[in-house]
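Turn these sequences into a full structure, and let the hints guide you.
Going letter by letter, the sequence shown gives residues 578 to 1479 in our numbering.
Read the hints as simulated data drawn from the structure, not as lab findings. Fair warning: there could be bad hints in the mix.
For lysine to any residue, the following SDA-like pairs were computed, each having C-alpha atoms within a straight-line distance of at most 20 Å [said to hold, decoys possible]:
| no. | residue 1 | residue 2 |
| --- | --- | --- |
| 1 | 739 | 710 |
| 2 | 782 | 693 |
| 3 | 782 | 688 |
| 4 | 739 | 1106 |
| 5 | 782 | 663 |
Cβ pair distances, simulated, as ranges [what the hints assert, rightly or not]:
| no. | residue 1 | residue 2 | range |
| --- | --- | --- | --- |
| 6 | 1076 | 1161 | 20 to 28 Å |
| 7 | 1071 | 1158 | 15 to 23 Å |
| 8 | 1292 | 1161 | 39 to 47 Å |
Because the structure is a prediction, the values reported are computed rather than measured. Glycine included, each C-beta is placed from N, C-alpha and C at the ideal position.
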Amino acid sequence: MRLSRFRTFIAFGLALLLSACGGGGGGNAGFAGFSNPPASSPGSSDTDTDPPVTPPGPITPRVACASLAGMSLAAAQIGLATGGATVNSAVEVAANEPGNVLGAHCRVRGSIQPVDPNALAINFAVNLPQQWNQKVIHFGGGGFNGRLIDGTETIRFGPPGKPAPLALGYATFGDDSGHQSSSITDGRFAANDEALANYGGQSLKKTHDAALLLVRAHYGSEPKKAYFLGTSTGGRDALAYIQRWPGDYDGVIANEPALNYSGTRLSNVAVGRALYANGGAGWVNVAKTLLVQRTVLQACDRLDGAIDGIVSNVESCRQLNTQILASLRCSGGTDNGDGCLSDPQLASIRAIESPLVFTSYALANGVRRAGGYNILEGALVAGPYTTRDLGSRPVPANPATSADANMYVTGDQWVKFFVTRIEAFDSLGFDPFDPGPYAARVTEVSAITDATNPQLGPFLSRGGRLILLHGLADEVISPNSTIDYYQQLIATVGQDAVDRGVRFYTVPGMGHGTGVFIPAWDSLAALEGWVEGGLAPATGVAMDSVAGSFGRTRPLCQFPAWPKYRGSGSLDAAINYSCVQEAGDPLACPNLPAAATHYKGGNSSGEELDVLVDPSMMAYTVTIDASLQRAAGTQRSGTLIAQGNCSYGSTENGAVFSFAAGGVLQGGVAAPAGSSFLPLVAFRNTFENAATPTVFNPVANIFNAVGVQQGTGGTSAHAAAVRLRNAGTFQYCRDPVTGRFMTYDPNCTQTEKGYISWTAARGAFDVHTTSPTGGATTTGGTLSGSMVIGLVNGAAVPLHLVRESTANQGMRLLAIQQSLAPGAADGVYAVASVQGETREATVAGSSFNLGGAAAALGYDTPVVGVVQADAGRPGNFIFNQGVLGFVSTSGSNAALELGVRH
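Next comes the structure, spelled out in structure tokens:
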């Protein structure tokens, strides 16, 4: 009886409280019988005067935890129409209770009754910590909701090990949005108007008001600060709240928000129609989806300067859409297997990629566009880095299930229950561009569920702060819709207001809680510092929480900036990246000559050649000048096809031509026989020595050499030291034990000697081999090949083309034998191997990756100027003016890789 009278007293006091503050839950009226709290309310504007709150010691509650159980809140005490609320349970959770890592707190569970008896109640959770920091956090939902958000979660995308907000002293709360389901893709609740309105945002306000009443009752004071944290649907919740009720929260975090909710669902249906039309002719299976993703990564990974599995330069990559799709097309446009895509399948990829533009009607707030997904810029819908895919069958069920495309499942539920309210409706017959008799209903639903109102002036003008974050590879909620909203926000409230109160971060490689890069950063601390301390967030640092790359970091760039690799240092350290806004044409190449230009060089079989490049026709002609395999004057011609990053496809059996700074060309020429190509290196400028007497002083030096010897006896790697003297004589030296690199010694025992002489007719030096035991001489000897000495930025890059016999022919690249510091050779390289393969290599400090094989590097090992790669990719490389030569370790398959730095 005593407890009953006390609950009646509580309810009466709460009624007085709400009548004093107009039922909004954000005023300063005191709890009945208590004095007004001195702190400002969450709705006040004096955010710059409140210092950061230090969590106090245990607070003696005004209303004990157990006494909250059974409390009833009248409908008038909640700011929106309800049937009242009830606290179903209130349990003290001790700090030392087994399994409890949230500290001592009062766990409150309750329900808010609907007005419509056919609607379901809103279940809510409130957690009241014993050591309250005088702040509250409201957590948003996810998917179609239906599951209780109990407020015990950690910060989404937060730093590892950071305790949940409840453990930090926040009073927390959340709800289930007014319906219950075991699946977050179950849309049946939306057939009821009140349930739909609750999901659209009304449950948030109702829960807020009820939770704040309980906070005031328990602690006897107002919270000093109030925050809202949400992700996906919860991100939409956060934005919808401050658009409708701007005075209730001081700061908001909206991660990957589903703000253009109706546009997203319409896009889902459009994708389904593309996939499943004509009996599923457009359906893309997993193998083909993975092919699309690999092709995109190959074309776009390098555009940010780092080959790290992340497409960071999204907008430049977008400019390659046409080329990527063309490269994926099956011959004739018909399905020829998993190695290509048919025309209907390409149309499905375009439907996923392209924005949905509405011309015959508009969504709420005048929205006429839904952003497409970045499937051609790094978004993943298959493979180990996502949990969503395009389904496992070409014909979907009705209703769609988990065996069908994830995008279509949610679109199907939306059409059935949000719009038509016909459970058996075939959503493939619903046209997102022209909904016909359902057009008005789509707009009506949009006004209920979408969070696209750009007028945040009331929230921002009172000091409200908003942090937005969206992954650019999101496969569930398009980041492009969030970008559209952000730009509309600027147009509505002005750039100055946005700069003062909004931060928008976009994260390359991040999907919908999935992807190849999942950021971990302390967004709550950033928001607190901004709201409570006036410290606006700038560029942050995010740690990758993906298991395979855990711990690497990237700068958290504000839109429209993205992280570009500086060109040196570890690829895994944020300090080696800059946030830039450039989005150049990836097909443009500053290294491409302005007019028809000759490049002189050779290939891995020792053939001396000339390459004529005509940029006006994007054509090339390779002329063989000297060879043991084919007649001098043999030519091959073709067209260069832009692939981005100064690389171009050719008709040379898969060879890629790459133009590097300083007038260097790396490419390939079809082999005399077979279907492979021979890698080549050629130079726009070369050293010529036609004067009498000949003088080699400008290029004479001691070098390291890497190369390959090929012929009837097989293939072997070459590694040595070599001296080119002022008179044009040369001497190779190899270590007597390893037969490889050594510090040059004129008395070396494993040696080759000879001299070079200028041949004007070919624009190259003939190489004459002399006796290894005699002194240096510039006469006699045996003609054994030629040498082209490229001049790159004024420095010599000698290329020795060996043509002793069909049993011994090959190429050697030379680089000065002087110390090479870590970082000096850093960069991304277009590489071709003597096996006729094209790939990319990345050098970043002590890290090396060649064609996906990672290795650690040791510099000046075994001699100065040589870099040694460990067992991950055993071998050595030398570096000379942006040209890299890698040679395999003795005993492994002989390999020479030639690369130029992009």
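If you test the structure against every hint from before, which numbers come out violated? Every hint satisfied by this model.
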